[in-house]
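Engineer: Listed below are the residues making up each chain.
Number of protein chains: 4
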Amino acid sequence: MNLPTPLTGVIPPVCTPLTPDREVDVRSLLRLVDHLVAGGVHGLFVLGSTSEAAFLTDRQRALVVETVAGHVGGQLPLVAGAIDMTTPRVLDHVTAVTEAGADAVVVTAPFYARTHPAEIARHYRLVAAASPVPVLAYDIPPAVHTKLPADLVLELAAEGVLAGLKDSSGDLAGFRQVITGLHAHGVSGFSVLTGSEAVVDAALALGADGAVPGLANVDPHGYVRLDRLCRAGDWSRARAEQERLCALFGLVGVGAPTRMGGSSSALGAFKAALHLRGIIDCPATAEPQVPLSPEEVEKVGKFLAAAGLL
Amino acid sequence: MNLPTPLTGVIPPVCTPLTPDREVDVRSLLRLVDHLVAGGVHGLFVLGSTSEAAFLTDRQRALVVETVAGHVGGQLPLVAGAIDMTTPRVLDHVTAVTEAGADAVVVTAPFYARTHPAEIARHYRLVAAASPVPVLAYDIPPAVHTKLPADLVLELAAEGVLAGLKDSSGDLAGFRQVITGLHAHGVSGFSVLTGSEAVVDAALALGADGAVPGLANVDPHGYVRLDRLCRAGDWSRARAEQERLCALFGLVGVGAPTRMGGSSSALGAFKAALHLRGIIDCPATAEPQVPLSPEEVEKVGKFLAAAGLL
Amino acid sequence: MNLPTPLTGVIPPVCTPLTPDREVDVRSLLRLVDHLVAGGVHGLFVLGSTSEAAFLTDRQRALVVETVAGHVGGQLPLVAGAIDMTTPRVLDHVTAVTEAGADAVVVTAPFYARTHPAEIARHYRLVAAASPVPVLAYDIPPAVHTKLPADLVLELAAEGVLAGLKDSSGDLAGFRQVITGLHAHGVSGFSVLTGSEAVVDAALALGADGAVPGLANVDPHGYVRLDRLCRAGDWSRARAEQERLCALFGLVGVGAPTRMGGSSSALGAFKAALHLRGIIDCPATAEPQVPLSPEEVEKVGKFLAAAGLL
Amino acid sequence: MNLPTPLTGVIPPVCTPLTPDREVDVRSLLRLVDHLVAGGVHGLFVLGSTSEAAFLTDRQRALVVETVAGHVGGQLPLVAGAIDMTTPRVLDHVTAVTEAGADAVVVTAPFYARTHPAEIARHYRLVAAASPVPVLAYDIPPAVHTKLPADLVLELAAEGVLAGLKDSSGDLAGFRQVITGLHAHGVSGFSVLTGSEAVVDAALALGADGAVPGLANVDPHGYVRLDRLCRAGDWSRARAEQERLCALFGLVGVGAPTRMGGSSSALGAFKAALHLRGIIDCPATAEPQVPLSPEEVEKVGKFLAAAGLL
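In order, the protein sequence lines correspond to chains A, B, C and D. Sequence positions in the first sequence follow numbering that gives the first Met the number 0 and run 0 to 309. Sequence positions in the second sequence follow numbering that gives the first Met the number 0 and run 0 to 309. Sequence positions in the third sequence follow numbering that gives the first Met the number 0 and run 0 to 309. Sequence positions in the fourth sequence follow numbering that gives the first Met the number 0 and run 0 to 309.
Since the list gives no way to pick out one identical chain from another, each pair is judged satisfied if it fits inside one copy or across any two copies.
With a straight-line cut-off of 20 Å between C-alpha atoms, the simulated EDC-like cross-links for lysine to aspartate or glutamate are:
#: 1; residue 1: K298; residue 2: D150
#: 2; residue 1: K301; residue 2: E240
#: 3; residue 1: K301; residue 2: D150
#: 4; residue 1: K301; residue 2: E242
#: 5; residue 1: K298; residue 2: E242
Hints are computed from structural coordinates only; laboratory data are not their basis. None of these values were measured; they are calculated from a predicted model.
Pulled out of the complex, with its shape left as it was, chain A reads as follows:
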């Protein structure tokens, strides 16, 4: 299907359930997709950071896209990450995910290599020129150690190189600069999406088109409700719903920072929650992430209970 212009609503970055031996658990993945669709989400984003794309082999990545595209393809927009270090490697992923059924690709700035705004621009131009589907920029400084400058995004939007932005930078002021810049330059149809779970109401209030919250795996209904309240301009009920989700979002911190990194804790907690809710069979995260302890999983359960999800 063609990507809506703009893409709006809640587009969760879909977790990738794994078996105990770290293979893609296709049946759990299908159940998770069904759970999200039943929750009313407006699109799906596979192979993002929350999907553990950085941990999946090429074979596993292909299986994920094929599985989800085969299940919901054509029903709702399917966006796929093409996460790799530089242009030639990203282009291989673009080919793979579009052949597998993705309606658009999400691409970060180059990483590992020391980069420069001129090279980031060149990167997106080359990827867009070769991609059969629209390209969304993925701004994720904690992963790639570069912030996409707002004026660069605006330039590439105006040129038609980029079809949208998925902003996981946490910098709402920069995000707003993109939104107001698009209006000032008369660019329309560009999708501005926030990846910040805790300020979706704020992002929508200032003009975002939609949200890509990892936490929507755990509570899609909550984010869909939040999106609906925001669109209706019911800001005080939106704030209450967002605050409920913020409290739930505390689960990403259950993992002890003396034992593990932030990815292990957050992705481990999302998967533990999906497992506790009965949606996926096994909460395993990919290697070399450190698993949550039983006590940490118990804390996840308490967050779910407090949010009315267990």
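Starting from the known structure of chain A, fit chains B, C and D onto it as the hints suggest.
Structural biologist: Chains B, C and D alone, transformed into the frame defined by chain A:
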């Protein structure tokens, strides 16, 4: 062949010559390898950062290792990078490069994902358990945004998980901590290699086994001479040779920082130098790196001339 | 006067006008204060980052506080920065600014020294114990290279060590965590203030008590209007006013990044605007900041004109 | 006295002993200075990072310089830090320390404010123009979050703005670039000093004039011996002495990173060692540093014993 324990001498990270349309230029690669072997180098490191591994597709990576292994396999140690974000993806590269003939693999800490020392250790343990050849740690903070702690390297060395360290951190004090720690713990056969072009004499003086200098692509004879002088304890002539190489190393800065990043400038200059010296057919670097301007290439020529290489 | 609990509304970080030979220009400072008070602001923050506190000598700092306290003391809350590297030096500033008439002090995490959350907590506890006035934490990672963790702020708020937070981190999700945490812990009277010029509407919408926008020097009426609209729940007109201010805020980028740093550009632009508006006599910034060029000042004028301020 | 050109040998950054209530312990300071002079050091550096300059009030700073200048002034070169955020504040310190008897000042790049190479150059030019004594640049990125570029140092050296460099960056390649650049430009009399405790032999081997090792507080005799061996070209005995000092240097890591920051651990360990060796009366460090536990102090004792110092 088995990896020497320790690996010693000059082991250049081999540049990957490309054709104007950015395919691996096999004939130039073979000429470059011949140039290095004629220069007296003691091993070859393919698919490192200087080899633009971050920019090569999996197909191109395989072609590089096969080409070099087919040409010099068994004559001198062939070490290959297995550069990717996390354990499962690295393991695919380990399989690929060892099937193509690598005698050892070089592996960085995880990147893109937010990581933790416990996860770095887990990563190396898993990679080493699955690798058919020895594993060397690649400490390159500018690329992966983590510094390998000396005590972690020492722990993994003592366990036999790691067979060596390629240190491109620029932190000579931390490097020395590994060397003195190995002695203190009675660990032998572990290869401690510096990747810092400008302080190879200092690194060898304090006990390094060898060097992996990108600049050795341009002047292998110089680094081999430097290595020989250091081993002979002729420190004043070693310093003079090192200072000649330091002056030459200035070529990495020819690219204007207003136009390009550090990779574009340094890798562009190495390839321009190899092209000017008649070793490779085309100085192109991989996308999205910005090419050097003619004036910048001219400056590279002046560095070569000043070093007596043109 | 006692600090309101909480402090609410618009509390601009007051620029420090300088003479051409870089002494405090007392008459311009008084005019600036009158301009802010006439604009309807609800408090004044002197010796913050926007006030060039980092550039002022102790003598100049004292003169600033005395001047402003002598002019408006008792009429509206006067908050003063006590910006220095560590506890003993901060305490000297606390003494100086409170003797000069400050109603509260604003204190960052330690900087220069490598610090730790336990030391940040100790720092605030010691400062609060010795301070005759309430202490607000100043979260400004670009300056001190540490982010104040939300749970640390909450802990110190609950203990009564901190009376408020001035958040210039740009991290709205973390800011919200403080706000919701205060409610969850039943802490009242704690002042949560945003320093982010471009998202004041969003910050107030999610529960902030007030704003400390540097740009309010240039357009206090605009921010006071914005504050009033937000308090009235008139979010669509608030957004329009905020977007007008966002456009004006573009003036901080007039300075060429090839010639100067971010402070020189932003503070130079604020002062150029105040000079163009006839409020201060001289736009000089403190050394070693690089002055704006005439062309860059002209651009500042265009921003003012576009915002209806010239 | 006039600063030697260049300044050579071992110039320890003198710890500042404190009383239990955190005042300067003048008698202990005098004993420490006597201990260093008896150890054969070639100069003294007061009010550096190791001296806890960042933690001392202006009154305490003055007392330190007066005390040391009154005790050894004229006997050996006395260099003093003028550590503050920007030019005007640094200039006040320059006045204070030179009036108190310093023969030269040591000045970092601006910090707290976001800076730029053009502003760093401007800063040093202004400080040098106003200083009655020579100015040495202090390159300490972990404190000021900027690395002094080698070409900037060389430019200011050639102009006569800077009289020397104290390099605590840990980047030996950049350090060497300064040394070879001075030779290439024919600049003489410029003092190139390393602050890296663990690679003093390497720094002297590649042409440094001297060393400013914090650890020389604890073992001045060792560093003086090391310096002498290096100057004699007795590199293998130099390396053995350096390795003994490296082992001793391990004491900086005794403080648990879960409880404190790097300054607390390193400065706490230096002072604990001086206390255990009977040189200072009290091992207290300035606030808000976390004190070492008795167990951690015991570990310091073991390092001393292993190095033959107890």
